[in-house]
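Q: Work out the full structure: start from the sequences and follow the hints.
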Amino acid sequence: MSAWNWLRSRGTHTLLALAAVAGMAAADARAARLDMEELMTSLHGSVVPVRITLRPIEPPPGGEGQKVEEVFCGVVLTDDGLVVVSGDAFPDPGGDPRTTLEPVSFDVLAANETEYSLTAEGLNRDLNLAYLRFSDGLPEGYGPVQIRDHVAPEIGDEILVVGLMPERYDYARTFWPGRISARLVSPRTMYAVTTFIQDLSIGGLALDARGKPLGLVAEDVLPPGQRLGRNTANPLTLLGSLSQGPRVGYPMIFPFDLLAEDIASPPPLEREPKKAWFGITMQPLNRELGDYWNIDNPGGIIISAVLDGSPAQGAGLHPRDILLRLGESPVTAREFTDLATFRKRVEKLTIGEQVELLVWREGQELTLQLHPGVAPRTGFLAREFEDEMFGLTVRELTVDVLQARNLPSSTGGVLISEMETAGWAQVAGLRVQDIILRVNGTPITDLDVFGKFMEQLREDQSGEVYFFVQRNVETRFVKVRTDW
Amino acid sequence: MSRSSTVHRALIALLFVVLLGPQALATVTSQELQATVLAAKRKVYPALVHIQPVLEVYRSGERERMAVTGSGVIISKEGYVLTNNHVVEHAERVICTLHDQQEVTAEIVGRDVFTDLAVIRLNLDEFEGELHPAILGSSSHLEAGQFVMALGSPLGLSRSLSLGVISTVDRYFPESQSADGSSTGSFNTWIQTDAAINPGNSGGPLVNLAGEVVGINARAIPVFGENLGFAIPIDLAKEVAARLIADGKVVRSWIGVSWQHLEAAPGLVQAPKGQGALVASVVDGSPATEIGLQPGDVVVSLDGKPVLAKHEEQLPRLRKWIADLPVDREVRLEFYRESQLLEGTLVTEQREDPQGTELEIKAWGFTVRSITEEVARLFRLEGRSGVLVTGVKPNSFANEAGLRRGDIIRRMEEQEVPNLRVFEQRVNRLVEAGKGQILVESRRGNRLNFSLLQPVYTRTSAGVEDRS
Numbered sequence: 001m002s003a004w005n006w007l008r009s010r011g012t013h014t015l016l017a018l019a020a021v022a023g024m025a026a027a028d029a030r031a032a033r034l035d036m037e038e039l040m041t042s043l044h045g046s047v048v049p050v051r052i053t054l055r056p057i058e059p060p061p062g063g064e065g066q067k068v069e070e071v072f073c074g075v076v077l078t079d080d081g082l083v084v085v086s087g088d089a090f091p092d093p094g095g096d097p098r099t100t101l102e103p104v105s106f107d108v109l110a111a112n113e114t115e116y117s118l119t120a121e122g123l124n125r126d127l128n129l130a131y132l133r134f135s136d137g138l139p140e141g142y143g144p145v146q147i148r149d150h151v152a153p154e155i156g157d158e159i160l161v162v163g164l165m166p167e168r169y170d171y172a173r174t175f176w177p178g179r180i181s182a183r184l185v186s187p188r189t190m191y192a193v194t195t196f197i198q199d200l201s202i203g204g205l206a207l208d209a210r211g212k213p214l215g216l217v218a219e220d221v222l223p224p225g226q227r228l229g230r231n232t233a234n235p236l237t238l239l240g241s242l243s244q245g246p247r248v249g250y251p252m253i254f255p256f257d258l259l260a261e262d263i264a265s266p267p268p269l270e271r272e273p274k275k276a277w278f279g280i281t282m283q284p285l286n287r288e289l290g291d292y293w294n295i296d297n298p299g300g301i302i303i304s305a306v307l308d309g310s311p312a313q314g315a316g317l318h319p320r321d322i323l324l325r326l327g328e329s330p331v332t333a334r335e336f337t338d339l340a341t342f343r344k345r346v347e348k349l350t351i352g353e354q355v356e357l358l359v360w361r362e363g364q365e366l367t368l369q370l371h372p373g374v375a376p377r378t379g380f381l382a383r384e385f386e387d388e389m390f391g392l393t394v395r396e397l398t399v400d401v402l403q404a405r406n407l408p409s410s411t412g413g414v415l416i417s418e419m420e421t422a423g424w425a426q427v428a429g430l431r432v433q434d435i436i437l438r439v440n441g442t443p444i445t446d447l448d449v450f451g452k453f454m455e456q457l458r459e460d461q462s463g464e465v466y467f468f469v470q471r472n473v474e475t476r477f478v479k480v481r482t483d484w
Numbered sequence: 485m486s487r488s489s490t491v492h493r494a495l496i497a498l499l500f501v502v503l504l505g506p507q508a509l510a511t512v513t514s515q516e517l518q519a520t521v522l523a524a525k526r527k528v529y530p531a532l533v534h535i536q537p538v539l540e541v542y543r544s545g546e547r548e549r550m551a552v553t554g555s556g557v558i559i560s561k562e563g564y565v566l567t568n569n570h571v572v573e574h575a576e577r578v579i580c581t582l583h584d585q586q587e588v589t590a591e592i593v594g595r596d597v598f599t600d601l602a603v604i605r606l607n608l609d610e611f612e613g614e615l616h617p618a619i620l621g622s623s624s625h626l627e628a629g630q631f632v633m634a635l636g637s638p639l640g641l642s643r644s645l646s647l648g649v650i651s652t653v654d655r656y657f658p659e660s661q662s663a664d665g666s667s668t669g670s671f672n673t674w675i676q677t678d679a680a681i682n683p684g685n686s687g688g689p690l691v692n693l694a695g696e697v698v699g700i701n702a703r704a705i706p707v708f709g710e711n712l713g714f715a716i717p718i719d720l721a722k723e724v725a726a727r728l729i730a731d732g733k734v735v736r737s738w739i740g741v742s743w744q745h746l747e748a749a750p751g752l753v754q755a756p757k758g759q760g761a762l763v764a765s766v767v768d769g770s771p772a773t774e775i776g777l778q779p780g781d782v783v784v785s786l787d788g789k790p791v792l793a794k795h796e797e798q799l800p801r802l803r804k805w806i807a808d809l810p811v812d813r814e815v816r817l818e819f820y821r822e823s824q825l826l827e828g829t830l831v832t833e834q835r836e837d838p839q840g841t842e843l844e845i846k847a848w849g850f851t852v853r854s855i856t857e858e859v860a861r862l863f864r865l866e867g868r869s870g871v872l873v874t875g876v877k878p879n880s881f882a883n884e885a886g887l888r889r890g891d892i893i894r895r896m897e898e899q900e901v902p903n904l905r906v907f908e909q910r911v912n913r914l915v916e917a918g919k920g921q922i923l924v925e926s927r928r929g930n931r932l933n934f935s936l937l938q939p940v941y942t943r944t945s946a947g948v949e950d951r952s
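These protein sequence lines map, in sequence, to chains A and B.
With the working numbering, letter number 106 in the first sequence gets 106, and the count goes up by one each step, no holes.
The working numbering runs 484 ahead of the 1-based position in the second sequence.
Certain hints may be false.
[Said to hold, decoys possible] In silico DSSO-like pairs for lysine-lysine, Cα to Cα no more than 27 angstroms straight-line:
1) B:K525 - B:K561
2) B:K846 - B:K877
3) B:K757 - B:K794
4) B:K846 - A:K479
5) A:K479 - B:K794
6) B:K919 - B:K846
7) B:K757 - A:K479
[Said to hold, decoys possible] Per the computed footprint, the stretches of chain B lying under chain A, defined by three or more beta-carbons under 8 angstroms from a beta-carbon of chain A, are:
8) 743-754
9) 759-765
10) 861-868
11) 930-942
Since the hints were made in silico from the structure, they are not lab data.
A virtual CB, placed ideally from N, CA and C, is assigned to each residue, including glycine.
A: This is the structure:
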């Protein structure tokens, strides 16, 4: 189903909103005189400021860590509240969880300090776009943009880029005129523009001269390590620096066709392309260590840990082993930054398909056969459960969190990831980073059990609830007083 | 006139001054209060000691000397002085100034990390005259509102006296654990007073109007509040001092349980009303695991005697009860698990010195400490082999090699490091041999880390030294 047909099937509200958008193209098309006042008003509920709150994936013990808030420009895509924003706030996997920030909450900022909460739905890493949805449906005054298929602007066409003014100006909707300057086909069909692009127009809307949507203002993000050329028009260092290191890219217009599949069914955060995984942690083999061990190889990687139950353990890999070859090609990592290259190589392997490893162990070379597994979810993709009454958000325990805390892989429970100031949970003395093991004596084995139990508590309206938590190396009970 | 009636009248006088204002007829009786304070001060003043230890501390990978000040009180004619552990721990030597300005050195007799108390002994051959030990009172019948004086050397200002009242007699603080795994305050609640207590008052006496020592000043909260001073009750101090004088240390028993008061999780078990203490955490492999004790159990009796910990202020007494049991003694516990009453007999173990020994590896630029039980637990180590890196000096060879604080060195030059003693011997041998490349394998969190130290040695007349 095309996006257009899909949209048409969505009922009168959408159609009315579309009528409003369409109506802005003034009746006299030949005069091409657009009522800009009316156009900008009609887009007010479609091009919206989205505040994203970020925190370190792994906050320092006993704290929540530094909190960062950034506002992005978002576009409402559907009348059931789907919003697209730049994916810059979502970190690439594999960073240091102590210094990598990840988004924890999303809100659309409206007038009079009203906020509407959004939930993360999906992430398309290739397009660097994130999909969010209004948690309680689309509020009044908000409506989707008209999504047009198969638009084919030509080089030289006049366009308008609609974005937001900064906070100081209450995120007033604004536009910049420009022209299509190039039509690109690789790595995807998209259009370069001669328009002033700033942070708050990334994620905004591109319109044709008649005010009809052409597509999304997005960025073509360069692979890590690549830099923008000198004298680049509109070079952007994007907000990627929020999460980990700067991402750089060129501003582009993405026609809606690129998003059609995502809009029909947003790629769930979990439904990342499945990545292959060994289950090891590594240290680069620098020249000095290589010489010390007399390893006659251009380089290698020291295995510093092998996870319980991982494919690497199955293959007989040990900590202290030095990996020399993966398949046919040598493995080299002199610096910690080189490990990312190797990680990428592993991720691209075929899951389940045997690879041969050449390993140096105590002076001997040996060959091991490994069947890569599927990378488990990490903390950043972990599912969360928020209990507004108790004022706490918990997250499923993921392998990276267990590993960072040196907990056995069999550890059950849920991790407190956020707490409302002066909420029941915080007043009682629960802390962010506590692992909830039991509530009122019921073992909390996973997020679903926790969710169900909290639901039950709400029905029972218990006056006192006690949590049994793991805090650092000790366990303890915390009594939470409720006030339903 | 008896002492107590003097105190009584002085207090009434003070009350009059407060209620009626300075013009009231209280002039005479406030003089009596003055007289009482002075009399009390005169009794304890000759026992006051200004302590200046020279500490040896390990910081940023180096051993450093540091001069600090603290306070103490003479408790016997033999020259024993009671003070805080934190005043004299790490002391290389201790210089004491007595009330008549005589300077006398002192030896450390014994220290107790858990109660933050220590006893030192004055070298009496350096001293002329007669010692006047303080009268140690009792802390068991203190009452909030009672007048007290704090004596000592706040911020190094020796022979200072401040006056106030007891604000509360049983302030509870959760055990505070320091970086080296030691914790203080497990076995006592604190006397809180508004008599000014500042850093340097530590170890000095808190005295009642009869001139008797009722507490040892130990803590202040100078940043967030004013007039919040805390003293260790003298009854505990007397007991610890006696054991330190007799044995040089306080031996305690341990069963491996952290406790919480019942109110932390009410209704968890069907124990008799108000009786029992909640098991919050059980250390793996400890005596408590032998009888299968679990978090959530409520222990209602020890050797048939009831355990009472409804409120958290009661926890120190329970911890002390267990700590005071003889080591290797059988103890019968009765405990509830849900509605079931269970029992078991365990054998106490000796609680280990939590601090361990520290060592500076000067030639390579870092400091290490032995792996104590506490360290092993905090780092979730299996076994206790290795040494803990406690500091890495900036710009040192160790720093260049990427060694970090918190690393547990498990192997060096491909050989296991079983303990600190062996590590020290091996380091000395490698340094003497002028070894230019040393492979250090440590456990960093949950993974291994390899660091290759590449020291350059310069020869001096004193032997091998690190680069200057």
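Q: If a hint holds in the structure, say so; if it does not, say that too.
A: Status of each hint after checking the structure:
| no. | hint | result |
| --- | --- | --- |
| 1 | B:K525 - B:K561 | holds (19 angstroms) |
| 2 | B:K846 - B:K877 | holds (9 angstroms) |
| 3 | B:K757 - B:K794 | holds (9 angstroms) |
| 4 | B:K846 - A:K479 | violated (49 angstroms) |
| 5 | A:K479 - B:K794 | holds (14 angstroms) |
| 6 | B:K919 - B:K846 | holds (15 angstroms) |
| 7 | B:K757 - A:K479 | holds (18 angstroms) |
| 8 | 743-754 | holds (count 7) |
| 9 | 759-765 | holds (count 3) |
| 10 | 861-868 | holds (count 4) |
| 11 | 930-942 | holds (count 7) |
Hint 4 alone, counting from the list given before, is not met by this structure.
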